[in-house]
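Asks: One-letter residues, chain by chain:
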Amino acid sequence: MIRLVAFLFMLLPSLALAQEKLVLGLSQDEVSITATFTGSELLIFGAISRETPPPQNSDLGVIIAVAGPNVPVTIRRKERVAGIWVNTESANIDIAPSFYAVATSGPLSEVLRPLEDLHHAITWDRVVRSAGQDAFSTTEFSEAFARIKESSDLFQMLEGAVALEDDTLFHTAITLPSNLTEGPYRTRIFLTRGGQVIDTLDTNIPVFKVGMERWLYNLSREQSALYGLLALLIAIIAGWTASAAFNAMRR
Amino acid sequence: MQIYLPIAEISVNIYLLLGIGGLVGVLSGMFGVGGGFLITPLLFFVGIPPAVAVATSANQIVASSVSALMAHIKRKGVDWWMGTVLLIGGLIGSAIGVQVFNLLKELGQVDLLVNLCYVVFLGVVGGLMMVESLRALRRSKNAQPAKRKRHNWVHNLPFKVKFRVSGLYISVIPPLLVGMSVGVLAAIMGVGGGFIMVPAMIYVLGMPTKVVIGTSLFQIIFVAAFTTMMHAITNQTVDIVLALLLLIGGVIGAQFGTRIGMKLKAEQLRILLAGLVLLVCLKLAFDLLIEPSELFSIGDAL
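Keeping their order, the protein sequence lines are chains A and B.
Going by this note's numbering, the first residue of the first sequence is number 2, and it counts up by one from there.
Going by this note's numbering, the first residue of the second sequence is number 1078, and it counts up by one from there.
Simulated from the structure, these hints should not be mistaken for laboratory data.
Every residue, glycine too, gets a C-beta built ideally from N, C-alpha and C.
You can trust all of the hints, since none of them are fake.
Output of the computed footprint for chain B on chain A, the stretches with three or more beta carbons under 8 angstroms from beta carbons of chain B:
| # | region |
| --- | --- |
| 1 | 217-226 |
| 2 | 229-236 |
| 3 | 241-249 |
Required output: the full structure, derived from the provided sequences and hints.
Replies: Rendered as structure tokens:
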């Protein structure tokens, strides 16, 4: 209820300032994973359209957030027990995006007010959440989650990575690493003035395997036994062929 | 050159995978071990998810073991009867082992128990082999003929059977028990179990080293094939593309390994294997004792 009221309050100023609108372009509207996939660069660009001259009193900002499919995880912490390092405590993180990147046109503190961040859930610490009882005791665990994700480029905070020209054109490039989870990548673009969100755009970029990769993946899920036999058959043939080839070579 | 693995969902360098496969193949041919205890940690290191690494290495072990077995068959280094008896024990054991594994999973801490299992068994097996082979090597230098046939409790049990290739006349109970206990451990630790099987055949059953390797390979093929099917059906974590790259390296490596193994003395072979087993054991023990740089780890949701 509180959220809803807060949301309505938030709508008021954004309606008042709605004369500035976002127009979006994408370098690709899907990402296909092939056998030679080594990651991809996503180019996001757009313009700000106006019906009236821009206000002079506050600074314009653009924030782009790309989120991969949600994959709930369990985070475990190691502790020393009787001399050896053992997993002791654990916490579930229910809203855990497999990929999360935020790019801004300037320092985050200048382009986004903390309250607006809270309402729109833009930075990762507003996104990553645990449900249920341990919701308040898992900060340390969600921080660890983000730290591990960051070290493999699956979480990215790119302050100042959005180029904003003449307060009308913007563009940025977000690098997707190779270890992507398949699914829709929700891309949100926020236009802010003085840290206040005045317009948002929301779109999905599907990421999926194609060709051989797709076929093998589906076979392993739908015809597991057949897939297992195929794996064994390949193994036996390869082993036998190598042996025969070596014997032939020795003669 | 990078390739994207469909099940592991990660892109890895092709030559790196071929190299890992080749290295493990050489060891497989030399010592008659499947190499599971070595390939799985190597795959973790490359960044393959643990579940995929365990399942796929089982598949790769089938290939390298078939390749190595062919070479041993040519040299009549396989005791089919002994292999069959061990295999029957092994399949019973691995069925029990899967149950034990699921029980441990429910209790949590399965990772720790698997690691402790590795450290204890690798340590004991490697240590015993090292001591025994060093002693044997010293004996052979003093030019005293080593006694091959030792009589212990193993030779006083009923249901005696002649194992011609091994030159043994013993009860079927000890091989069945050896096969079973290796099967249990193999299922828990996710390996073929060759590194336990080989020493057990030499020291408990008293089989000659040259026959031990081929017979162990024969048994490993079936246990690893069984494990591959179990993983493919229940967890869907076997990555065919990853397996293919590993086994191309592996089958070639196994052929070289077998030839190297034939040139070395039995005692030297045993010392090398013992050294390798102890090295892996030390590495695993080290990981358990030293404070990890990242105390937290991400796992699948419970």
